[in-house]
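Asks: Okay, here's what each chain looks like letter by letter:
Protein chains: 2
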Amino acid sequence: MAEYSAPLRDMQFVIKELGGLDAIGMVPEWHEVTSDLVDALLEQAGKFATGVLSPLNWTGDRSGCRLEDDAVITPPGFQDAYRQFQAAGWPALSCDPEFGGQGLPHLVGHRVSEIWNGANMSFCLGPMLTSGAVNAVVRHGTEEQKRLVLPKLVSGEWMGTMNLTEPQAGSDLSAVRARATPVGDGRYRLQGTKIFITYGEHDWTPNIIHLVLARLPDAPEGVKGISLFLVPKFLVNADGSMGARNEVKCVSIEHKLGIHASPTCVMAYGDKEGAVGYLVGGENRGLEHMFTMMNLARLEVGLEGIALAERAYQKALSYARERVQGREIGARSGERVTIIHHPDVRRMLMTMKAQVEAMRALSTLASVALDLSHRHPDRAERMKQQGLLDLLTPVVKGWCTEQGIEVASLGVQVHGGMGFVEETGAAQYLRDARITTIYEGTTGIQAMDLIGRKVAAEKGMTARAVIAEMRAFDKELAGSSGHPALGEIRRALAEAVSALSDATDWVVETYPHNARAAAAGAVPYLKLWGVVAGGWQMARAALTAKTMLDGGAEDFDFYRAKIATARFYAEHILPHAHGFKSAVVNGSASVLALDEAQF
Amino acid sequence: MAEYSAPLRDMQFVIKELGGLDAIGMVPEWHEVTSDLVDALLEQAGKFATGVLSPLNWTGDRSGCRLEDDAVITPPGFQDAYRQFQAAGWPALSCDPEFGGQGLPHLVGHRVSEIWNGANMSFCLGPMLTSGAVNAVVRHGTEEQKRLVLPKLVSGEWMGTMNLTEPQAGSDLSAVRARATPVGDGRYRLQGTKIFITYGEHDWTPNIIHLVLARLPDAPEGVKGISLFLVPKFLVNADGSMGARNEVKCVSIEHKLGIHASPTCVMAYGDKEGAVGYLVGGENRGLEHMFTMMNLARLEVGLEGIALAERAYQKALSYARERVQGREIGARSGERVTIIHHPDVRRMLMTMKAQVEAMRALSTLASVALDLSHRHPDRAERMKQQGLLDLLTPVVKGWCTEQGIEVASLGVQVHGGMGFVEETGAAQYLRDARITTIYEGTTGIQAMDLIGRKVAAEKGMTARAVIAEMRAFDKELAGSSGHPALGEIRRALAEAVSALSDATDWVVETYPHNARAAAAGAVPYLKLWGVVAGGWQMARAALTAKTMLDGGAEDFDFYRAKIATARFYAEHILPHAHGFKSAVVNGSASVLALDEAQF
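Those sequence lines, one after another, are chains E and V. All the letters of the first sequence, read from the start, carry residue numbers 8 to 606 under this note's numbering. All the letters of the second sequence, read from the start, carry residue numbers 8 to 606 under this note's numbering.
It is possible that some hints are incorrect.
Chain copies aren't distinguished; within one or between two, either way the pair holds.
Here are the simulated lysine to aspartate or glutamate pairs, EDC-like style, with alpha carbons at most 20 Å apart [said to hold, decoys possible]:
hint	residue 1	residue 2
1	K231	E335
2	K153	D385
3	K482	D557
4	K231	E342
5	K23	D562
6	K54	D87
These are calculated hints, taken from the structure and not from any lab test.
Excised from the complex, chain E in its bound form (with noise of 0.2 Å):
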């Protein structure tokens, strides 16, 4: 099984290239994030995935998990490579220095994210709910709480998890009915059964740390009624040692698609007194915490997309370069050649390697801004940054994720009849990304968020912000426009901004009237988000480029490949924003013209 390798070059080319570390440099704390530093970090990181995590990834979908009684056997080799990745240091990576943390920029940590990813996403699903949970606590929990499982959770020695869905809800947390009352000295008694939970039990770590949505007694009906808990699988003592085994346990484990290594839970809170829980945040309030963590969290789920899409791309590629199969094109004798010289396969090799490309400039945009909405100094800037970060989350979460399984699939097809063979591994990562577009919120509902919350609610300002942006990067590719690809690559660029901004338009104008309407093109006009937006990036991409080689840089194969590619993008997925559009503006009535029982 070929082993994952991290994308440097093309990792270092965003976070440097297009601006990310100079943006970065704003904040007085992020001073010592030097480039030196970051090669430094992305190679250790490399290093560590390509030898330890990527191995497991094959095995680890061959055993998957099992539960014996309420223990959670994690596949073999997960364990001790756990306690490598902690002992290294790993899980406090973009961390708060106050509890440990090595406190470094997303814009680092979450191409360090992609790394972990697309060497064994099951493994580092652990670790990203353990960051989701510490997340919470930073931002609602008492300091009590803070002294007593930040530090064990920065460290990994502990881990987290989020219990927010149950059988009846799926997306509708209003739905939520496990419920939590109070016992007077300031702690809860939890009951009811989650679902969904991501490694919700494992053979990890000693304790677990659950955050758990619950409804406290009288609580009003709906969103505005739930409460966020802290719950322990083993209490904590003052003295942060571990104490009596608390009520909650796993009840069973799903048999998945994909993802088999990592254990999805199905916890039951409080079997007989009720699970001891501790109340983090304002009462009522707890689907508000929930969603700081959340929106994290689909940042880092649309690096799944593109971990996935880049290992695919990787697997793919070898395949193609070894596999010897036919001749090229009108030779009838001579010798065979590698698939590679045909040309699908390279279609199909430059559609991976360009989306992974705009997927990953893309999502490196959105954390910049995650980084400077926290930390610039300035507060104008800061909510300027949280605009956008706001608007590009749905995108990232959703355009990525939705990529990363056309991607995946593309590589299956690339190996031909070996691809639907599980030996070779690469239906694998089309198993394991069809989960990406579904939990943290589907595909559907973070396109509603974009048209609702992110673009109409705001009449479009941060939308059509960005879509000026797009229009005045024209004027700086107008100077380069002799040259063929970035001629071609403007052409269609002005097209595709042209229809994102008309679609907006529609958006903006329609959904405070007709929100049906507006939702019924919602994830067609999220696709053409991605699409634009992605577009956008390459066309940065290609004109950094070519300003190297022209000032004669040495690398310049990789920007001569740069260029080819984001010409590719814009000359096959640009164009694709005219059928996008064309469904937002035109499509609403057909698509809710049925009566249910016409279907």
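Assemble the complex: chain E is given as a structure, and chain V must be docked to it using the hints.
Replies: Frame of chain E, contents of chain V only:
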């Protein structure tokens, strides 16, 4: 597990109301194929599918096949289901009456195949391959071969296989190495290994007739040196009874992403003296003979795409009607609703429905072309229909399977988290569908066939004739352009037909002097054909529906839904013609721009 229900109404519509039954009425042998006969056959097939085949689909996926020594054990219930299938006479449906077949047109036979595939694709791969073997022997076998094996194969008492590829060959059959040595008595001894042999071994029938590609001694290199042999598992005595066990056996079966109930075998021929085989057709003409079977098989694989899409749609629809989650858009209180109320769920269901109906209508056009190309009394018409069939075969195979995957994936998405849980069953359709774009020629190979042998070779004659038919149909639509839906459909179709026409001109012009550039756009060109030809058929369906409604037809729910679905197709799917055209016409240079090292 919800069972498959044959979509009888839409099948009746495409067979009867879109003109197929009238067209084959030109053929005297088929005067008895009446509307009532069609209804009765489809209904019977539907009952068998729902009652017998469909319940085994999920259990077969779970059990899979096992190899014990050289025997393959198929999942529980499959052997018995095959006995019932055979006893009911289904294998003989479209076979030549001269050999015991019922001689029904493919117009009906293909829809029955769609039903089998919808119910249980793994099951019906066995009969499908057998039917390929029957065709090969009917067309190219000696009288003796026909007498000895056809009655048994047509009745289904024995089954057949197609043995093409080998480990080093893949899609490149010119690389086949299996050897056949004449032994002087008209028989041959075969030696070699064949891979990916569907139902190469099983426990359904006492004998299996393998059709095998191999090289004669001193045969020329390449595709012109391959011959076709009939190799029975048990030799056949002169009286048709079974004789000695032949030297052919299954040495392993693949562990695959999907179609688990269908054994995919590695077959070893002649580990001692060589397996006894009989030459079918001319020496060194095996590939040519095999292509007769493969073209038929390609249409059948297209049906698999449609069938899985239909089943995925049925399952998603049933879930969307039952699953209660969330409230109507904008409502913060009140009753929770089933998810079919949510616009994005509707959009997904409409996408699935529109794709399925467009594919079914297009594949029916190909079925009629196949029927008329064989049996139309007028030779010129036979040739015209052959041209249409040749053009449509790669489109039906390539496009319907690509869309089948997309629709099956949407089916998972409609189920949310439950879609990722294997017990739900939605994921199986995606796993099963994933092979269809690979076997019987990948989408890339279909696309090369389309641009080369089908379009460029005749300078676009048939392609342009079909485009002219689409344009002529625009005039028919013009009469209804005041109708809001039909006006919109007309507008969208005209735009898409122009894109297809431009791309066709480009292919015809480019291929002769730069086949590589044309090949770079081959798959987008194939998809363009699928999207536009599907849109043409949906527009025909909408006009037919309007005519029926204007005439006071009773089934108005069906016809209104047909018009709304055609409109959805025109607004959401047809506009992507623009993107595909751009990829074909502008995008070839960027596909080929990188050096191998630059990837």
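Asks: If any of the earlier hints don't hold here, list their numbers in rising order.
Replies: 2
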